[in-house]
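Participant: Sequence order for the protein chains is L and P.
FYI, numbering that gives the first Met the number 0 numbers position 24 of the first sequence as 23, with every residue one higher than the one before it.
FYI, numbering that gives the first Met the number 0 numbers position 39 of the second sequence as 38, with every residue one higher than the one before it.
With a cut-off of at most 27 Å between alpha-carbon atoms, the simulated DSS-like pairs for lysine-lysine come out as follows:
#1 L:LYS465 with P:LYS118
#2 L:LYS18 with L:LYS47
#3 P:LYS118 with L:LYS37
#4 L:LYS507 with L:LYS519
#5 L:LYS509 with L:LYS192
#6 L:LYS30 with L:LYS47
#7 L:LYS37 with L:LYS15
#8 L:LYS472 with P:LYS118
#9 L:LYS319 with L:LYS58
Worth flagging that the hints you see were computed from the coordinates, not collected in a lab.
Each chain, letter by letter, is given below.
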Amino acid sequence: MGKKMLPEAALERLEKEYKDWQSEYRKALQKMPERLEKFSTVSDLEVKELYTPLDLQEKDFHEEIGFPGQFPFTRGVQPTMYRARLWTMRMFAGLGTAEDTNKRFHYLINHGETGLSTAFDFPTLMGYDTGSPLALGECGKCGVAIDTIEDMQKLFTGINLQEVTTSMTINPPASILWAMYIANAENEGFQRKNLGGTIQNDCLKEFIAQKTLMLPPDPSLRLVVDTVEFGAREVPRWNTISISGYHIREAGSTAAQELAFTVYDGITYVEESIKRGLKVDDFAGRLSFFWNSHIDFFEEIAKMRAARRLWARIMRDRFKAQNPRSMMMRFHTQTAGCSLTSQEPYNNIIRTTTEALAAILGGTQSLHTNSLDEVYMIPSEEAVLIALRTQQILGEECGVANVIDPLAGSYFVEALTNRMEEEAVQYIRKLDELGGMVAAIERDYPQMEIADAAYHYQEQVERGEKVIIGVNKFPSDRPELEFILQMDEGLEEGQIERVSRFKEKRDKVKLQKAMDNLRKRCEGPPSWENNVMPALIDAVRAGATEQECCDLYREVFGTYTDPGSF
Amino acid sequence: MDNARTLRILIAKPGLDGHDRGARVIARAFRDAGFEVIYTGCHQSPEQIVNTALQEDVDLIGLSILSGAHGYSFPRIMQLLEEHDARDISVIGGGIFPLGDIPKLKALGIREIFEPGAKLQDIISWVRSNIKPRQPMVA
Numbered sequence: 000m001g002k003k004m005l006p007e008a009a010l011e012r013l014e015k016e017y018k019d020w021q022s023e024y025r026k027a028l029q030k031m032p033e034r035l036e037k038f039s040t041v042s043d044l045e046v047k048e049l050y051t052p053l054d055l056q057e058k059d060f061h062e063e064i065g066f067p068g069q070f071p072f073t074r075g076v077q078p079t080m081y082r083a084r085l086w087t088m089r090m091f092a093g094l095g096t097a098e099d100t101n102k103r104f105h106y107l108i109n110h111g112e113t114g115l116s117t118a119f120d121f122p123t124l125m126g127y128d129t130g131s132p133l134a135l136g137e138c139g140k141c142g143v144a145i146d147t148i149e150d151m152q153k154l155f156t157g158i159n160l161q162e163v164t165t166s167m168t169i170n171p172p173a174s175i176l177w178a179m180y181i182a183n184a185e186n187e188g189f190q191r192k193n194l195g196g197t198i199q200n201d202c203l204k205e206f207i208a209q210k211t212l213m214l215p216p217d218p219s220l221r222l223v224v225d226t227v228e229f230g231a232r233e234v235p236r237w238n239t240i241s242i243s244g245y246h247i248r249e250a251g252s253t254a255a256q257e258l259a260f261t262v263y264d265g266i267t268y269v270e271e272s273i274k275r276g277l278k279v280d281d282f283a284g285r286l287s288f289f290w291n292s293h294i295d296f297f298e299e300i301a302k303m304r305a306a307r308r309l310w311a312r313i314m315r316d317r318f319k320a321q322n323p324r325s326m327m328m329r330f331h332t333q334t335a336g337c338s339l340t341s342q343e344p345y346n347n348i349i350r351t352t353t354e355a356l357a358a359i360l361g362g363t364q365s366l367h368t369n370s371l372d373e374v375y376m377i378p379s380e381e382a383v384l385i386a387l388r389t390q391q392i393l394g395e396e397c398g399v400a401n402v403i404d405p406l407a408g409s410y411f412v413e414a415l416t417n418r419m420e421e422e423a424v425q426y427i428r429k430l431d432e433l434g435g436m437v438a439a440i441e442r443d444y445p446q447m448e449i450a451d452a453a454y455h456y457q458e459q460v461e462r463g464e465k466v467i468i469g470v471n472k473f474p475s476d477r478p479e480l481e482f483i484l485q486m487d488e489g490l491e492e493g494q495i496e497r498v499s500r501f502k503e504k505r506d507k508v509k510l511q512k513a514m515d516n517l518r519k520r521c522e523g524p525p526s527w528e529n530n531v532m533p534a535l536i537d538a539v540r541a542g543a544t545e546q547e548c549c550d551l552y553r554e555v556f557g558t559y560t561d562p563g564s565f
Numbered sequence: 000m001d002n003a004r005t006l007r008i009l010i011a012k013p014g015l016d017g018h019d020r021g022a023r024v025i026a027r028a029f030r031d032a033g034f035e036v037i038y039t040g041c042h043q044s045p046e047q048i049v050n051t052a053l054q055e056d057v058d059l060i061g062l063s064i065l066s067g068a069h070g071y072s073f074p075r076i077m078q079l080l081e082e083h084d085a086r087d088i089s090v091i092g093g094g095i096f097p098l099g100d101i102p103k104l105k106a107l108g109i110r111e112i113f114e115p116g117a118k119l120q121d122i123i124s125w126v127r128s129n130i131k132p133r134q135p136m137v138a
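Pulled out of the complex, with its shape left as it was, chain L reads as follows (with noise of 0.2 Å):
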């Protein structure tokens, strides 16, 4: 392929050939016109019509493209991907209370899933307990509510926590309900040494995209190394930091964007984690991706293959790391909640297909596929089920997963791949000259850029240039649903009342030496004596709440709220 694949003649004999069929083209045009004005990818990224090995002259094999397992790991993280153990399937389930939520978590493995993921509800992702008067009206609404250890063992009642991995989908308040995690664990009998999981725990994208904000920008990233020099020394399986492109995708965010924003987020958590000491080799092996895949097919397969070889280039070349590992983006992918619609809900099933199809062949370790309703509301059993059969199928009878990115080599996928890894290049080196992505969140540039690609969408969507089929084309209403989630009435009452019953058991005198050691430490410069972590383990095992030790990280660290740009 390329330059260095074909010899001169040959190259000469296409480029004439190519020219050749390009009048060609242009001639048949003429009787029968392109259907559209532009074709772009759902990014507006324009692509032509034809490729053909003159797209990747410039380019080299080895260097680009290579083997799976193998640097710059374009091909795949691992050697043998799909062929010895299919993606994670990984269902992102969170609702009502622990015991609803535990029941959801047998429900989806007893139909085959393979790794858990917990949604929390908005006031634990903000770091407020269910009875906080900023909390009213939304417990259990978008994921479970989890105020107390005593939450946290509900959660888990009945699960091998050695055997299955567990992702949970929070930020802010993330090195504590991780503490709770790893006191419960050990509770259960379980060791920390042998939890294998991953916490989001990705503060960056929240002032860029997702918004559960709670501390500034400086004291969130000494939590967030707090847990990643804790993981590296005392918890080796685990995922301390998904850096995650899931949410700056939602947010209205382009491909191209997605990529580059979220590996300098990466690339910034490097940074911390090596001013405080850290050897890269000794944790860069324990970050993983988040990655969103939109309805866009080969866009996303070319950005996941391209984010792997970004990556990998990254960290040999900036970070200098030695071990391949440190090298390898392991990723989660979702399919895009943004790309689902109200209108004609069963259409929902295709997009998702499509969109998990695109995650396969771009490699993921681990897989969220979004249920039909789920865009009204947390799912119901029988949307979740066609959710997590689409894996099924797509794994075990389509044979997609039987040849290793089988995609390589595609004139198109390949030269799409090299654009999107230009296009990142470009914003890093901006985001090198704005000082670095905290301060170029300060200055609101990759908000406002995201901001502009939404409305310029969003303005060819009223347009017509991008389709949404049941919305701009074929439009029609949205119907009822024959199946529903119903929630229970008395669900934030009911939790309101079990913390409050939690509380009185408290040892108030064990409690409060846990909390006082935990605010010595946030006060304390960053470092390892003054690593918040064993002291949260403490705290939440004495009967801390979510919301104690986040109010302590408030009046210790100070609050940050939205600037409202756009």
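We have chain L; now place chain P onto it with these hints.
Facilitator: Leaving out everything else, chain P in the frame of chain L:
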């Protein structure tokens, strides 16, 4: 005051919901349509929203919510407007709502609910034909 005064609109996100894509898109569309727009960012309590609406002397509040917590925040906002004798500030909502909730929200006095798929141009036209600048409070 003459009716040609530019409409002042507050776009607000009640509760802990961080899904702000729609709010920011509609804020920009309203601004581009010539309205004066105030957007206060995510995580506003009903009290904060109503205080901002009064201080900024807006004609319309557009609430954007995708968390399902509208059952608390929307009635509370309407109640607070009543308490401040400011029911002449119109309120509209956008986001995701169970179908059965929409008539209940309208019964509270929410003028219109815009669901996903609503066109920006349609929302702007609705505002132009239905919302007039409020009369000054002083007699």
